[in-house]
Amino acid sequence: MQAFTSLTGGFPRTRSFANAVRRKEKGKLGVDEFWETVVRETKRSLARAVRYLDYVTDGMYLCDDIFNPFIKDIEGVKRGWLVRFYDNNFFVRNPIVRGKIRLKPNPSTVDERIRLVNLLSREPLFAGKSFRLPIPGPLTFADFSVIETSEYNDNTQLAVDYVKDVLNPLIEYVRGKGLIIEIHEPSLSASQASIVDWNEVYRDLIGGKENVHIIQYFNQPPLEALQTLSSRFTIGVDLVENPSLLDNPDDWLGGESVIQAGVIDARNTKLEDPQETAKTLKQLADKVDAIIISSNTTLEFLPETVAHRKTRLLARIKNKLAR
Amino acid sequence: MVDYILPALPTSVIGSYPRPAWLRRMIKYYRMGRISEDAIQEAYDDAVTTIVREQELAGVDIPADGEQRRDEMVEYFAHQIKGFKFYGPVRVWGNNYFNKPAVVDKLEYPGPMTVEEYLFLRQVSTRPIVKVTITGPYTIADWSFNEYYPSKEDLVKELSNIINQELHALVDHGAQFIQIDEPALTTHPEEVEWAVDLINRTAKGIDAKIGLHVCYSNYDLLFPYIDEFTEISQFALEFANRGFNDLHKLKGFSKELGFGVIDVHNRRVESPEEVALAIRKAMKYVEPEMLYINPDCGLKLQPRNVAKKKLESMVRGVLMVREELVKRGVRSIPFRKRV
Chain A
1 MQAFTSLTGG
11 FPRTRSFANA
21 VRRKEKGKLG
31 VDEFWETVVR
41 ETKRSLARAV
51 RYLDYVTDGM
61 YLCDDIFNPF
71 IKDIEGVKRG
81 WLVRFYDNNF
91 FVRNPIVRGK
101 IRLKPNPSTV
111 DERIRLVNLL
121 SREPLFAGKS
131 FRLPIPGPLT
141 FADFSVIETS
151 EYNDNTQLAV
161 DYVKDVLNPL
171 IEYVRGKGLI
181 IEIHEPSLSA
191 SQASIVDWNE
201 VYRDLIGGKE
211 NVHIIQYFNQ
221 PPLEALQTLS
231 SRFTIGVDLV
241 ENPSLLDNPD
251 DWLGGESVIQ
261 AGVIDARNTK
271 LEDPQETAKT
281 LKQLADKVDA
291 IIISSNTTLE
301 FLPETVAHRK
311 TRLLARIKNK
321 LAR
Chain B
1001 MVDYILPALP
1011 TSVIGSYPRP
1021 AWLRRMIKYY
1031 RMGRISEDAI
1041 QEAYDDAVTT
1051 IVREQELAGV
1061 DIPADGEQRR
1071 DEMVEYFAHQ
1081 IKGFKFYGPV
1091 RVWGNNYFNK
1101 PAVVDKLEYP
1111 GPMTVEEYLF
1121 LRQVSTRPIV
1131 KVTITGPYTI
1141 ADWSFNEYYP
1151 SKEDLVKELS
1161 NIINQELHAL
1171 VDHGAQFIQI
1181 DEPALTTHPE
1191 EVEWAVDLIN
1201 RTAKGIDAKI
1211 GLHVCYSNYD
1221 LLFPYIDEFT
1231 EISQFALEFA
1241 NRGFNDLHKL
1251 KGFSKELGFG
1261 VIDVHNRRVE
1271 SPEEVALAIR
1281 KAMKYVEPEM
1291 LYINPDCGLK
1301 LQPRNVAKKK
1311 LESMVRGVLM
1321 VREELVKRGV
1331 RSIPFRKRV
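Listed in order, the protein sequences are those of chains A and B. Counting in this note's numbering, the first sequence runs from 1 upward without gaps. Counting in this note's numbering, the second sequence runs from 1001 upward without gaps.
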């Protein structure tokens, strides 16, 4: 079994970067100066982490949360008010759907993130790394959306259109740019599945294991969904919150060759024991060809110093797993 | 036991209030090492004096000290209780950070944490009753990383003992109205049941009016438990933010209600007429004798002039309804420690 390490979602945004964003919003920082800060701060922070990672993201440095500013690139959607992100003391601005949704022809916020990835990938430390671009999943997007239009009667319709008219065009858009789409789908949970038909929503999603990674976290997902989706895409599961998934892996593994295992708790500062964690992961050794070791969710819930320590842990687990 | 008589619909605040610009500068200088400990303490005292006066001038019946000495509601206590550690800030939304503490050892009560605050507030206020606010055990636990205790329930239990000692210390020094702040209470529905028990344990044996402030929360989860809060006399709840849509849920409410009539996340100043209208709606479900009036939450995120105008408007709205209540023979209500 091969082992890789990955950053999932964002990396804690430094205070000095946040100050730069504030100054830019107040018109006290020009575009060029802002970008100098973006590159300097991202490099400074991520460079320390990237040596331990095989897959890396843009750190979501240009994002306030999983929805913002991405939803600015979607026609028919406006930025809403602050709502709690699941059971975390972290708040996101929800999407307000006011018309038929569609990815804009020139998705400027995605372009800015791609620009940052391109700048980073030229750095020697980032050479050879695979870049993932975190984006909200259809069920999560629908779950947080407030529908203020007659275009959609329910969340399933909205999620189906999100796949067809937002995600699929986006996957096409980044296909030639060497990026993997990292779909964040915490709402692929048992309770959510009763409201939204995940099977219908995901039926038309394009891409495959190479370029679409669907990451589920927090809630217990329906095993059937994991099995179905993992036969077509690379799936990430949260083994911190759902350790019982390891009891009977055959119940949810869909004959796939690669799986992402979220074994590092991104919501607690306590450091995991790499030996114990590697031992846990070995239960999957004869079930998959490769495993991507990661945190269960975005590291943005942690202070930066702890996020660095946890990233270093990923590499230690990988080494233990190789022995 | 009734010790004091208050005007009908007593007005109060939830707790925090914007710091004067000069205090913010002084704190900055203090952290840079440019001013002494004595100087910053003097600045805090001056700020509390000013803020309490500002509330009283607005007509508030039960002022608080505006939490001028506290940067953040959890951080303030975690800095004092032994067993916490700070690794650095985490983002809460956008570019807003919170210095989230981690529990790394057994927690120990350090001795009085808010008594000096209370004594100074008591000294500078002209009102017979003042309010002291203290962050509740559940919220401190929920907004911390737990590296030490086997479960969150164990952590909350420990914090409950610590906060109970603090409440005793406050009462020993004369505090009569203490508000426990628990904005996180309904965050994890599966934990509400034991959290209610532990909040009761926190307030057990305290000879003072104990209020509980729960905001931006799922009241459908909270309301079925109201009668089970045996040690809580008043619930200070946020209603303006939700457009007063949930008022019908107050039917049969058995405790005093601290009714939130001012949206603290919006700079628009509500008119007195709007405030009066909201109170009249609330009185369809809650008797005026059981009703206190306050903003939804702390006003600290508002510019100071807006916060002041919002309080003035709140009081003017209350005065309009008080005139109507006089016609019904309701002029005053007793200050009850227990309901």
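Some hints could be false.
Pair by pair, the computed Cβ-Cβ distance ranges are [stated by the list, open to error]:
1. B:1168 - A:246: 46 to 52 Å
2. A:244 - B:1248: 39 to 45 Å
3. A:33 - B:1028: 56 to 62 Å
4. A:251 - B:1230: 43 to 49 Å
5. A:206 - B:1086: 33 to 39 Å
Here are the simulated lysine-lysine pairs, DSSO-like style, with alpha carbons at most 30 Å apart [unchecked claim]:
6. A:43 - B:1255
7. B:1300 - B:1327
8. B:1251 - A:270
If you're looking for bench data, these hints aren't it; they were derived computationally from the structure. Even for Gly, the Cβ is constructed at its ideal location relative to N, Cα and C.
Here is what the structure says about each hint:
{"no.": "1", "hint": "B:1168 - A:246: 46 to 52 Å", "in the structure": "holds, 47 Å"}
{"no.": "2", "hint": "A:244 - B:1248: 39 to 45 Å", "in the structure": "holds, 41 Å"}
{"no.": "3", "hint": "A:33 - B:1028: 56 to 62 Å", "in the structure": "violated, 24 Å"}
{"no.": "4", "hint": "A:251 - B:1230: 43 to 49 Å", "in the structure": "holds, 45 Å"}
{"no.": "5", "hint": "A:206 - B:1086: 33 to 39 Å", "in the structure": "violated, 46 Å"}
{"no.": "6", "hint": "A:43 - B:1255", "in the structure": "violated, 55 Å"}
{"no.": "7", "hint": "B:1300 - B:1327", "in the structure": "violated, 37 Å"}
{"no.": "8", "hint": "B:1251 - A:270", "in the structure": "violated, 45 Å"}
The structure is inconsistent with the numbered hints 3, 5, 6, 7, 8, although it conforms to all the rest.
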